[in-house]
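**Student:** Residue-level listing of the chains:
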Amino acid sequence: MNVLAKTLLLALASLPLLGAYDRTENIAPQDYQLFEELSKDLRCPACQGLSVWESDAVFSNQIKDMVKTKINAGLNREEILAFFTARFGYWILREPPRRGFSSLAWWLPLALLLSGPLLLWFFFWRRPQVSPVQGMRSVEAIIAQMQQELAQQRTHQSPKN
Amino acid sequence: MPIILGDVGHYLLLLCLIVNIYGTVASLCAARLRHRRLYLSAKAAQTSSSLMVLAASLILWLAFFSRDYSLLYVFKNSSSDLPAYYTLTAFWSSLEGSHLLWALLLSLCATLALWTHARDNEHIMPYVSAALQAVLAWMFYLAVTHSDPFVRLFPIASNGQGMNALLQNPYMAIHPPTLFIGYTVLAVPFAYSVAALFYGDITAGWLRTTRRWALVAFCFLTAGVSLGGRWAYVELGWAGYWAWDPVENSSFLPWLFCVCLLHALLVQEKLGHLKRLSIVLAFFAFFFSFFGTFITRSGVVSSVHSFAQSPIGPNYLLFLAVLLLAFILLYALRAPAILPAETERVWGVSKESALLITQFILLTLAIIVIIGTMFPIVSEALTKQRISVQAPYFNAFAPWLGLCLVIAIACGNIMRYQRAQIVGGARLLIIAALLALPAAVLFCYRGKVLQTPDGFALGAQLVGIYLCFWSWAIISGDVFYRLQQLKFKIKIFAARNLGYLGAYVGHVGLLVAVLGFLGNYRALEKNVHLNHGEHTNFFGYQFVFDGVRARRVDNALIQEATLQVSRAGQEDIILHPGRSRYPTATEIFHEIAVHGGFWHDVYVVLADYEAEQQAATFNIHINPTVRIVWLSIFLMVGGGLIALSDRYRGQRSRDFLGSEML
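Going down the list, the sequences are from chains W and A.
Mapping of the first sequence onto my numbering: residues 469 to 629, in sequence order.
Mapping of the second sequence onto my numbering: residues 1231 to 1892, in sequence order.
Take these hints with a grain of salt, some might be off.
[As the list claims (entries may be wrong)] Okay, derived cross-link-like pairs now, DSS-like style, lysine-lysine, Cα gap no bigger than 25 angstroms in a straight line:
(1) A:K1717 - A:K1500
(2) A:K1717 - W:K536
(3) W:K508 - W:K536
(4) A:K1756 - A:K1678
(5) A:K1721 - A:K1500
(6) W:K508 - A:K1717
(7) W:K538 - A:K1721
(8) W:K538 - W:K508
(9) A:K1500 - A:K1719
Hints were generated in silico from the structure; no laboratory data involved.
All chains, full assembly: derive it from the sequences and hints.
**Tutor:** If you want it as structure tokens, here you go:
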């Protein structure tokens, strides 16, 4: 049903899937790369997981037009992103901002990556060897024990013979 | 179809619920009293319940095939013009039906698990039965209350609303059942974990059975997740197969935990360690198969506020909370009973440490995926601030962890248990480093890697490609040393080492997959507007637009463009990207044309067509090494199947502490 929920959402997303968007229109060739980068940083408001660059939904095309307008007005990358976050909130960015509560999303994985080896060391490598207790025993241990018992039997029996 | 049959289906599900509740209680009592016949009645309950849910499912299929629009679910998800094979798959094209499919598969799987088990697992089977039937009882409760596929429609409609057109794709016929089988199979290791906790010990038979089910789950999950990616690739038209969206993430999480579980079971099999970790991993693999469904079905993904709109969400949340709390309680009370292994001289620089580090990497990836998927929800709930966490976030971490995994595969495989010694030593490392060089150079040359414009992307690819080949050479070297030990008697090797061989193939599969993923760094695209007869050049190809024709395929009307694609006289192919309409839907859908090659796919989307001007707009994508990713899936699943066919694994004699039932 995961799949289905996804397709339902996508079906909703594709509702306004009405047509082409000429990405090279109204943008100078030297600004095209900036336009592409910015469009890949902004989310498609109507889709799940896509950027406005990847989506042809009407809303996405409007945002792409806005990006072009801002680039042509001479704004730089940070100013354009600031414009969009001021207008739509941080929600419009495809990754969480690196300050405030959202910075947790960035720090937690890093903390985990750094502290993980320490935890492993603490729980496994640092620990002294476990003393033998009952539970699973290795084949080698069983065989060794059996051979020992056999040898004992032999030493008991051999004088009689 | 007689009008009564839909009600029969509903009552069958109700009966399943009652029977499974009985089965749960009876199993628990049988386990407590060690009463054999009571357990056998619980087993019979599960068997009959699976037959009844099968009957209920057949009734739903029958309703679909007889176009019985007196059922709301049939009305919403099919129409009279739907071709037969999509009528078959319309069963799981929406929430209620897919819930029923899941319940059906879980029930069949549970019955199979109760009838087939290792001989020395007899004493824990009541617990296994109780765990499986309790989960099933909850699923049937949902199927008769909030997710009922047999709801009536009145007045009866003359035609249905039609099946979601995005699902009318062959991959959607096999993707959901494959993934669901993977999820349901994970329930068996979970049930065995619960049983091991209740019983307080793990036996060799437990290990053998759990390993087998976990491997089956691995094969199905790998296939299921990748089929979903394949569907997105050929159906959605954004030229990719993985977008890190919550739905994909939630199908990826059980896979990660399952792979982690397999590695933990390996340590347990060889050394007896990591018993409790295996239990926890088996639980979480199962837990996250439901968790994913919860976050997607409850609507909590789009916004916290959509959570309460359907009773499904709170129900799932309650189930997951109870499941988690019950497991934590059981674990806290019973885990100390599972004694540590007596094996000495472990950890240190050795294979078991490498396996542990591998698990750490996999778990870290899983936790990052969980954080990324849950963060928008948590953020909105706590700070009222809505944020998005999408592909750029995951792509900031995933390549590094992938790199770690590639290195871990190489290092782990040449180590040996309990020994700080590397097979082959420095010689193997140097030979592999030298062998990888020409392979990587050839790959870069044929794959046109050096044409990547961006410096960082180019560097990442070069390092990644070289390391993949290096890792591949090293694990192949390990196979060589093992063969050498057996004096190249391949027959003996194959007879006794299928588990190892399966792991080799699976690991090669992952390395090949990484080689394929790296192609995303050099994907190209072009957006072009062409009049009839005009042409455009891109990536050495010439595309000539040769008009648009309309045609009818089954229930779809398709506008199909003809693009003649040629490449310096070498290839001459015709692509038909199109757009389709369905009489039951107002939207227009992409029909993507893909010309797949080993090194790259030519992927064309017809973005727009203006009939008056005879002009069309195309999005042309060059997607490198997508074919290699699909190839790697076959390797991974093949590796799982080879490992599964190993008859010797887990059959080594060990102390057996099981007690007979009365």
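**Student:** Do the alpha carbons of A:K1717 and A:K1500 lie within 25 angstroms of each other, as the hint requires?
**Tutor:** holds (24 angstroms)
**Student:** Compare the distance between the alpha carbons of W:K538 and A:K1721 with 25 angstroms, and conclude whether the hinted pair is satisfied.
**Tutor:** violated (69 angstroms)
**Student:** Within 25 angstroms, alpha carbon to alpha carbon, are A:K1756 and A:K1678?
**Tutor:** holds (18 angstroms)
**Student:** Below or equal to 25 angstroms on CA atoms is what counts here, so check A:K1721 against A:K1500.
**Tutor:** Status holds; Cα separation ~23 angstroms.
**Student:** Take the C-alpha atoms of W:K538 and W:K508, compute the straight-line distance between them, and say whether it is at most 25 angstroms.
**Tutor:** holds (16 angstroms)
**Student:** With a cut-off of 25 angstroms on the C-alpha distance, tell me whether A:K1500 and A:K1719 pass.
**Tutor:** holds (24 angstroms)
**Student:** Given the hinted pair W:K508 and W:K536, is their alpha-carbon gap at most 25 angstroms?
**Tutor:** Holds, at roughly 13 angstroms.
**Student:** Assess, step by step, whether the Cα of A:K1717 is no farther than 25 angstroms from the Cα of W:K536, and give holds or violated.
**Tutor:** With Cα atoms ~68 angstroms apart, A:K1717 and W:K536 exceed 25 angstroms; violated.
**Student:** Does the structure keep W:K508 and A:K1717 at a Cα separation of 25 angstroms or less?
**Tutor:** violated (56 angstroms)
Of the numbered hints stated above, those contradicted by the structure are hints 2, 6 and 7, listed in ascending order.
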